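Colleague: Please build the complex by placing chains B, C, D, E and F on the supplied structure of chain A, with the hints as guidance.
Protein chains: 6
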Amino acid sequence: MRPSGRKTDQMRKVTFERGVSKHAEGSCLVKFGDTHVLCTASLEDKTPPWLRNSGKGWVTAEYGMLPRATGDRMKREAASGKQGGRTLEIQRLIGRSLRAVVDLEALGERQITVDCDVIQADGGTRTASITGGWIALRDCLKWMETRGMIKMDRVLKDHVAAISCGIFANQPVIDLDYLEDSSAETDANFVMTGAGGIVEIQGTAEGKPFSEEEFATLMGLAKAGIADLVTLQKEAVSA
Amino acid sequence: MRPSGRKTDQMRKVTFERGVSKHAEGSCLVKFGDTHVLCTASLEDKTPPWLRNSGKGWVTAEYGMLPRATGDRMKREAASGKQGGRTLEIQRLIGRSLRAVVDLEALGERQITVDCDVIQADGGTRTASITGGWIALRDCLKWMETRGMIKMDRVLKDHVAAISCGIFANQPVIDLDYLEDSSAETDANFVMTGAGGIVEIQGTAEGKPFSEEEFATLMGLAKAGIADLVTLQKEAVSA
Amino acid sequence: MRPSGRKTDQMRKVTFERGVSKHAEGSCLVKFGDTHVLCTASLEDKTPPWLRNSGKGWVTAEYGMLPRATGDRMKREAASGKQGGRTLEIQRLIGRSLRAVVDLEALGERQITVDCDVIQADGGTRTASITGGWIALRDCLKWMETRGMIKMDRVLKDHVAAISCGIFANQPVIDLDYLEDSSAETDANFVMTGAGGIVEIQGTAEGKPFSEEEFATLMGLAKAGIADLVTLQKEAVSA
Amino acid sequence: MRPSGRKTDQMRKVTFERGVSKHAEGSCLVKFGDTHVLCTASLEDKTPPWLRNSGKGWVTAEYGMLPRATGDRMKREAASGKQGGRTLEIQRLIGRSLRAVVDLEALGERQITVDCDVIQADGGTRTASITGGWIALRDCLKWMETRGMIKMDRVLKDHVAAISCGIFANQPVIDLDYLEDSSAETDANFVMTGAGGIVEIQGTAEGKPFSEEEFATLMGLAKAGIADLVTLQKEAVSA
Amino acid sequence: MRPSGRKTDQMRKVTFERGVSKHAEGSCLVKFGDTHVLCTASLEDKTPPWLRNSGKGWVTAEYGMLPRATGDRMKREAASGKQGGRTLEIQRLIGRSLRAVVDLEALGERQITVDCDVIQADGGTRTASITGGWIALRDCLKWMETRGMIKMDRVLKDHVAAISCGIFANQPVIDLDYLEDSSAETDANFVMTGAGGIVEIQGTAEGKPFSEEEFATLMGLAKAGIADLVTLQKEAVSA
Amino acid sequence: MRPSGRKTDQMRKVTFERGVSKHAEGSCLVKFGDTHVLCTASLEDKTPPWLRNSGKGWVTAEYGMLPRATGDRMKREAASGKQGGRTLEIQRLIGRSLRAVVDLEALGERQITVDCDVIQADGGTRTASITGGWIALRDCLKWMETRGMIKMDRVLKDHVAAISCGIFANQPVIDLDYLEDSSAETDANFVMTGAGGIVEIQGTAEGKPFSEEEFATLMGLAKAGIADLVTLQKEAVSA
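Same order as they appear, the protein sequences are chains A, B, C, D, E and F.
With the first letter of the first sequence counted as 1, position 208 gets the number 208 in UniProt numbering; the numbers rise by one all the way through.
With the first letter of the second sequence counted as 1, position 209 gets the number 209 in UniProt numbering; the numbers rise by one all the way through.
With the first letter of the third sequence counted as 1, position 165 gets the number 165 in UniProt numbering; the numbers rise by one all the way through.
With the first letter of the fourth sequence counted as 1, position 4 gets the number 4 in UniProt numbering; the numbers rise by one all the way through.
With the first letter of the fifth sequence counted as 1, position 117 gets the number 117 in UniProt numbering; the numbers rise by one all the way through.
With the first letter of the sixth sequence counted as 1, position 124 gets the number 124 in UniProt numbering; the numbers rise by one all the way through.
By construction, these hints were calculated from the structure, which means they are not laboratory data.
There's no promise every hint is true.
Repeated chains share a single entry, so a pair holds when one copy, or any two copies, can fit it.
[What the hints assert, rightly or not] Below, computed lysine to aspartate or glutamate pairings styled on DMTMM-like, alpha-carbon distance capped at 20 angstroms:
1) Lys-82 x Glu-17
2) Lys-22 x Asp-181
3) Lys-75 x Glu-89
4) Lys-13 x Glu-89
5) Lys-31 x Glu-17
6) Lys-56 x Glu-44
This structure is a prediction, so every number in the text was calculated from the model and none was measured.
Chain A extracted, bound-state conformation:
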């Protein structure tokens, strides 16, 4: 039995609230149950130095957590004077995942920064960030299309979404919340495209090692879940 009473293949309720920022070119408040992440996409006219005069643009991501997004207050990273390893690891993952579905040449010499700020955390913040970040990025590209800067469909090649799966109490389950995550034996994050291609896989044995079969089961759960997330993304952007 899962603490939340969910079935093993049942994700939490996922919602996307678009256009939540007065300023950002694209924005989305994504909720996976009690995990709430505010995603904004910001367009800048300059690229990173290594792309200057290459004709190509860049999509990058930054990730942060409000200090009391979690059960115990965490030290503010701005006050600590540096971003921790976990933060850097997650924002690199978000950036890679979003770039996997973007044609950087079609974007042109511009940079889009997707900020994913966790307002409230209950497990799965990185997968929510990717899934909601795609909406913010898409709406930023739409904003650009409206102004004749690009063709959105040429820049954005596909959907991308992510989900965590894990082995909790000897059962493979999808979309772990904090209670499950903190005692799971194995924890894996999957990032896939709308077409079902795999963009990123990260699996970690927290306690005892896992087998190839267990991993295949987790991947099966993830495929189904991500297909559902992509459907929800489609509904959200067609609204």
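Modeller: Relative to the frame of chain A, chains B, C, D, E and F by itself:
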């Protein structure tokens, strides 16, 4: 004429949404028009080193802005490796303002940190932070009272709220939004208690110096506005 | 009774020693009693990036304290790896105050940095810095005038000086020394021009809130004190 | 054809040179072809704060690259003032991988730090670090056993080793060198135990997404390769 | 001919002004011509961690330069976020030099920090710091003796003073000022005790290497100069 | 008697292994007994900003120690966030020493960075770094000559090598190992050219001051030792 069409003594619509955080002992999403600040109050059982074994507690504040809370994306302070002077100045102000209405001995050897994170900025983020921070602090103290840790009324001596006033287009006005703030000749922030005592005054001539009379007019506007804010706080916490 | 035996409206002995630096374009050792601040004005031919090609110059300030300027030795900020919030707050105030009397267009695309380094502290270091910083700035501009770079009177529009006032032992007093400052109920800093215009007001209740009347009394003390400081500045620069 | 002329399932020559450090309790210079990593295991008598009085110990890892380990000289991280995201990500991975085969209670309240310093890089530094780090860790535990501090076999539960696989020129290949790594379409790192359990999987599409089948092929390559690495580890420690 | 007209073996006018700080236990403003260094000695009741419960105390030094102590304004190290290599090197030298004449056991478990802050620089700031730092340290120890904490003569075993010598325009000269220092072929700093023992020697060829004979000449100049400095120290502390 | 059984004027076995790096333009693993330093010389086509358009190049050095190069593991400087004073002091010394034998104009507008990374430490790491760094630098210049970029003999004017001497157990000895170094009364480092010119002298009394005569004895030892090192360098590069 103000850009928003407001009258010179008319504040923006102010709302408090309490209990927005699943984790924090007290929390409040405060809105002054398009300025939105998420305030959380976090209780910790230890005090800063200089108060150890003093029998006294501490209330402190931290302030941050999401990178795209503003019209142009700002560099994330965690990535820069330090909090800027403006950030430090504001969070010192919030902390002082809240402590002005707290009996630190009655609180006992505990620390409450009030985090004020600007989700969206449109001028007046520091005054919104103080005004909403009071709600979060109060609800944290209520939470403690419910657990028999303190008597809320012995710790929290009064309300505290804040408003900005300024001279815009030669007119003294209250509660400047970003458009007004960025071209105001004079900008002043007032922090007062429910009883009308002054906790903090900060007035700055952005362009030409101002006179004692002008300053008195701003203070008059502020007194009326803060009285209204205290009324709204009372309604919010009695709901 | 004040610890120093001074009358409530009596400032400490204020002196300006000009030209104390062999290198700086303008310099002044200012003393407010036992508070000694070395102010140097340094001219550079380049402006900050945001003013490039604007035709305007900039005046900025930096503030520091020698580690043993105070009763207990403080950690050296260079060794700590960052300037504290108090330092940043004070140097922002000094910069704003000096810019209030400078015509940045008449200055041309140059930057003047006024360094205020506290050699010995006994309360009132920020107000001494502003008051003495004006002398250093003025002498730097004079140096420039001598070389045909500017007309000093077109760049420097007025005097600016500052003083602290506070309520100590229930009495409004001017120019608090450290003993008074550390136990004052209310502490306010005023920055005004030679013409009597207000540039900056900062009032803080350290203990109980203060009233509008009390604040008006403090402002009255400040006006008289600053008028005296401006007279002393005039004597100093005419010497 | 692979640039090195290797077969798709052929690893580079792997060697372990044990006891290379005069000072460290365990040490190993591991070479995967031209990738050379110096691994040292250092025993300390204290644990991290969060384990104090828990009866448990800790194994952690740090990772670094000499500035000219790579084709172009990289900026020294000590001079930059911080470890980059890639460094932090890798050292977290090494630490987790080694802890997966350690019984922290049997270790007792001690910490072992495994430093993995890349002397020369040619792809696969993180997998070499894990594989060689296990040798250094094992020899440190042996050192402790010799002094009657622990029973090595009770602390060290199994071997752990790692290998990268990827899709290069449309072919799944094992143990990518730098030339392959920098143009691979997909890159995956596998960490497994001697018993064949999976400890960590990280797969990333560098260009187009990959399929479940492709991933299964990579895992098959990895299983065989890691089995070989474990055999080599066994030979090395029995020497 | 030296730019200053001095003879090759002629030091600049050296003066010590004692007791210049209201707060420090010992203080001295030392001038070597236009090089002015403010030295303060601060007593603290705790030692560095590595001496705790050893019965021994510690003497350490910190060194800083005001930003406009030099011909061109230097960036403030507190603003840069770190002390440069030159600063660290100099303060380590000052600390070693002073400790060479202190009996740390006789001092007892206390730390004295000697801060040397360069108010104005014209070459030779490190040697002035050592020479003046000795006065500040001695007066701090006298302060302690007066309070019955130590016997000064048991703690302070001898004088220590320092001077620079160099080869300028093919001539060995003593006490180089900035003009000489910046074009000297060889630059050497000598630290010696009152008894003539050598504490520290640092010689550097700026251009072409120097010979053993040249170095011996510089040492001869230094011995005479330091003897004079010790005489001046004796006069200063007997005043 | 020396702990190692060496005679007072006997250096440890010194070896140079050239070409140890696949990537660097010049490299050398230098060993002075158990002190092992990996030196790499990296060529870059740009100079530091202050030499731009000067026609001159630059040679600089960086120094680091692997965390477990020493008997007790030291904190990794990259993790600490800064290079310590000792590190900065040593790398400044290495850079100055190498530049003493380089004609920067003949080098042209290029920079060579010599990285000296201590793999294992047993005293004398800075002198080994200079002596081995010269080999790496020379081989980098040879690499450039082969490509027609420079004439090596016009850029590299002479050999440079370094050795430590000290007074251990009342005996002047050469090439101190860690055991000697940590209890020596006096420690001196000498840097000299092939022609016997002195480039740098650093002598420090660790305990009681030393005399001019003692220092002369140390210099005598150093001259003989450095002459031997230069002979070894010549043999190494002619191999």
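Colleague: Next, verify each hint and record whether it holds.
Modeller: A quick look at each hint next to the structure:
1. Neither within a single protomer nor between protomers do Lys-82 and Glu-17 lie at most 20 angstroms apart by alpha-carbon distance, with minima of 31 angstroms and 32 angstroms respectively.
2. Within a single copy, Lys-22 and Asp-181 get their C-alpha atoms only as close as 34 angstroms, which misses the 20 angstroms cut-off; across copies the closest is 18 angstroms, which meets it.
3. Proximity of Lys-75 to Glu-89 under the C-alpha cut-off of 20 angstroms is found in both arrangements, the shortest distances being 18 angstroms within a copy and 19 angstroms between copies.
4. Taking identical chains as interchangeable, the C-alpha atoms of Lys-13 and Glu-89 are never at most 20 angstroms apart, the minima being 26 angstroms within one chain and 31 angstroms between chains.
5. Proximity of Lys-31 to Glu-17 under the C-alpha cut-off of 20 angstroms is found in both arrangements, the shortest distances being 8 angstroms within a copy and 18 angstroms between copies.
6. Taking the shortest alpha-carbon separations for Lys-56 and Glu-44, only the intra-copy value of 13 angstroms comes in at or below 20 angstroms, while the best inter-copy value is 26 angstroms.
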